[in-house]
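S.K.: Given the coordinates of chain B, assemble chain F with the ligand onto it according to the supplied hints.
Listed below, chain by chain, are the residues.
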Amino acid sequence: MPRCRWIAAACLASLAGLPSPAHSLQAYAPGEVATAGTIRGTLTFRGEVPAAERVEVTTDPEVCGVEPRFTSDLLVADGNDGVQNVVIWLSDIQEGKGWETPAEPRTLNQKGCTFTPHVLVVPAGEQFFAVNSDGVLHNIHTRSGENRPVNKAQPGFLKRLPLKFRYPEIVRVECDAHDWMMAWIVVAAHPYYTITESDGSFRLENVPPGTYTMQVWHERLGTLSREVTVSADADVSVNVEYPAGQ
Amino acid sequence: MRIWHPLLGALAAIACLASPAETFGQESPWRDGTLDSSMIESGKRLYLRKCAFCHGSGGRGDGSVARYVFPKPRDLSMGLYKIHSTPTGGLPTDQDLFRTLSRGLPGTTMPSWSNLSTMQRWQLVAYIKTFSDRFENEMDLEFQPITIGTPKPPYPESVASGQRLFLEAQCWTCHGMKGKGDGPSSHTLVDDWDYPIIPADLTSSRNWRGGYRPEDAYRSIAVGIGGTPMPSFDDALTEDQLWDIVNYLLWNIGS
Ligand SMILES: [Cu+2]
Numbered sequence: 000m001p002r003c004r005w006i007a008a009a010c011l012a013s014l015a016g017l018p019s020p021a022h023s024l025q026a027y028a029p030g031e032v033a034t035a036g037t038i039r040g041t042l043t044f045r046g047e048v049p050a051a052e053r054v055e056v057t058t059d060p061e062v063c064g065v066e067p068r069f070t071s072d073l074l075v076a077d078g079n080d081g082v083q084n085v086v087i088w089l090s091d092i093q094e095g096k097g098w099e100t101p102a103e104p105r106t107l108n109q110k111g112c113t114f115t116p117h118v119l120v121v122p123a124g125e126q127f128f129a130v131n132s133d134g135v136l137h138n139i140h141t142r143s144g145e146n147r148p149v150n151k152a153q154p155g156f157l158k159r160l161p162l163k164f165r166y167p168e169i170v171r172v173e174c175d176a177h178d179w180m181m182a183w184i185v186v187a188a189h190p191y192y193t194i195t196e197s198d199g200s201f202r203l204e205n206v207p208p209g210t211y212t213m214q215v216w217h218e219r220l221g222t223l224s225r226e227v228t229v230s231a232d233a234d235v236s237v238n239v240e241y242p243a244g245q
Numbered sequence: 000m001r002i003w004h005p006l007l008g009a010l011a012a013i014a015c016l017a018s019p020a021e022t023f024g025q026e027s028p029w030r031d032g033t034l035d036s037s038m039i040e041s042g043k044r045l046y047l048r049k050c051a052f053c054h055g056s057g058g059r060g061d062g063s064v065a066r067y068v069f070p071k072p073r074d075l076s077m078g079l080y081k082i083h084s085t086p087t088g089g090l091p092t093d094q095d096l097f098r099t100l101s102r103g104l105p106g107t108t109m110p111s112w113s114n115l116s117t118m119q120r121w122q123l124v125a126y127i128k129t130f131s132d133r134f135e136n137e138m139d140l141e142f143q144p145i146t147i148g149t150p151k152p153p154y155p156e157s158v159a160s161g162q163r164l165f166l167e168a169q170c171w172t173c174h175g176m177k178g179k180g181d182g183p184s185s186h187t188l189v190d191d192w193d194y195p196i197i198p199a200d201l202t203s204s205r206n207w208r209g210g211y212r213p214e215d216a217y218r219s220i221a222v223g224i225g226g227t228p229m230p231s232f233d234d235a236l237t238e239d240q241l242w243d244i245v246n247y248l249l250w251n252i253g254s
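Chains as they are written, first to last, in numbering that gives the first Met the number 0: chain B, 0 to 245; chain F, 0 to 254.
Just chain F, with the same shape it has in the complex:
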């Protein structure tokens, strides 16, 4: 039996209220791997209406408003994504893309598309995958999503261990001792699209691109944020240690 921290329960309830659409675990309509061309066609029509002014009609991140936007809309033709549940350098799964469209990318102009129907979002996923041939070329077993177990309860020992690990693994080099995003290396960071980038403010989890549920934080630390200096820690830390850091972030530094 798990002893439920009362605060955890309360916060979890708030989190559920705040995002009723956190039920993204659905399977894509093309489970058996065949992408229906009519889905792609419908996705294209939607894309041109909803997305092209930011991401460009060819997906190159060069829509008409792109130059007023920072960070820049993603160049979808490079096949390089921030949010993926596969190991470092991997592509997002269909579920990852669906979830990104549904949630948006907090802290950026990329909005949530949860006002579109589930089917419409899947159509968009089908279409944006056609921008990069990485999706076709790299379907191999090595790059299956990582397994994310059950979050560890945020007992004080776990949070304290997370704090120690935050120091030892030197998260502070980029994120700063207090997690504000102002560590000694924070001024020199550049992303793979050649723009300066600042480390996330770890005290405001609502602005994390990939979500603030414990599972999301676990994924971001384990596999990193694609195309950015945020590295993957799954070679360096054990599953237990990763959950401890998650607990430190969500129950100390960020609360």
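Only chain B is shown next, with the shape it has when bound in the complex:
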């Protein structure tokens, strides 16, 4: 499996135009949002989609399955060419809504030797959990630029492993025990981050009126950005197409 290692991940993070830690920590002020609009749209890709990679399962077949696995880092919907798992955020927003308290704590689940979700958004500095639903050993091994890398074992008996990242950036997570297991943790400076659905659609709600830079990042297709103007009580539609042939 081709791997983006530490340095590469650091480059990715800087490509993505993530703010430097020092400045991101003071930049965002949560508060009441009196008037707001919604940004909605779809991310598409019409280029050639590489075939999924075949991986033989040699470790923990009783839990991971005996059948070969097919993994792909580019999921494109059949009907509308929508791309799943694209991260979208407003990189220069200064003020807006606060984080909602989720009903369940935010978790990165390891189930059937797959990380779910594949891309998880967590607030910077907030604790979340790696959950082991499998009862076999996994390990959380990260590559990052700003945050320290971690490599923590999570044997079958350790159901919940607390994790925390301080600086906003996109962190890559792998399990060394199961070569194919891979996920991304989006450490977010504010709540205006979202991930596209399986049809490539997304929405960012409750955005105060203003003009923002909307960043778009996909693990394989890379980074794009668009300027978006939001007005009060209105929907603005932003459809983005990844250029083919990369």
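What the hints contain is simulated information worked out from the structure, not anything from laboratory work. The C-beta atom is built at its ideal place from N, Cα and C for all residues, glycine as well. A couple of the hints might just be wrong.
Among the chain F residues that face chain B by a calculated CB cut under 8 Å, a handful are [as the list claims (entries may be wrong)]:
id	residue
1	Gly88
2	Ala168
3	Thr172
4	Pro183
5	Asp191
6	Pro230
7	Ala235
M.R.: Using the frame of chain B, we list chain F with the ligand on its own:
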């Protein structure tokens, strides 16, 4: 009172004979945190003579012989180290670096520099830290070295408990049931420098990078080996359990 296992005593004696230089607990000459620039200068001169042909004159791990060497000489500019007594992802302490230079990294071409004077080794430590700004940026309390207590005597119950834990915590997934480094995941492991890596052979502790004293093994299992698939187990196992595994490794699988 502790009942001393006769074999333990004998082995400890041998270990002392084999490495007379295991007195690395010394403080760095810059205890108060100020690095004397003349130390760095002297360290640089030494580095260029002794280390650059492997680690490269800029510390990037690209010296003239680097391509003939495996594992590769460390790229010291990344601030990513295998041996550290800080939690996973942490930097080595000055003592860790001093000790690595003094011992070398067994099983690799990184030699022991115990032929250099203590002061020279400290000068080298001072200099190699300048290759990565992580050392300056990440001086915070969260990343203090872990506490390593006193080793647990290798009673049979402790060794047996270690064996159980070796199975339950699935060390064998990488290291193999007999610890030979041939577990089911051993063929697919890659390190953070993008090279394939094989799990350590747990039956030959002399080749462990970070040392084979019980305290060394404890540290390697508790915090892991930086930049490699060897994960940290300090969230998963208690101090007692870690010592049991250490005893299993040193008194069963490896003897
Ligand atoms: Cu796994």
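S.K.: Each hint: holds or not?
M.R.: Evaluation of the provided hints:
no. : hint   : verdict
1   : Gly88  : 4 Å, holds
2   : Ala168 : 4 Å, holds
3   : Thr172 : 5 Å, holds
4   : Pro183 : 4 Å, holds
5   : Asp191 : 5 Å, holds
6   : Pro230 : 4 Å, holds
7   : Ala235 : 5 Å, holds
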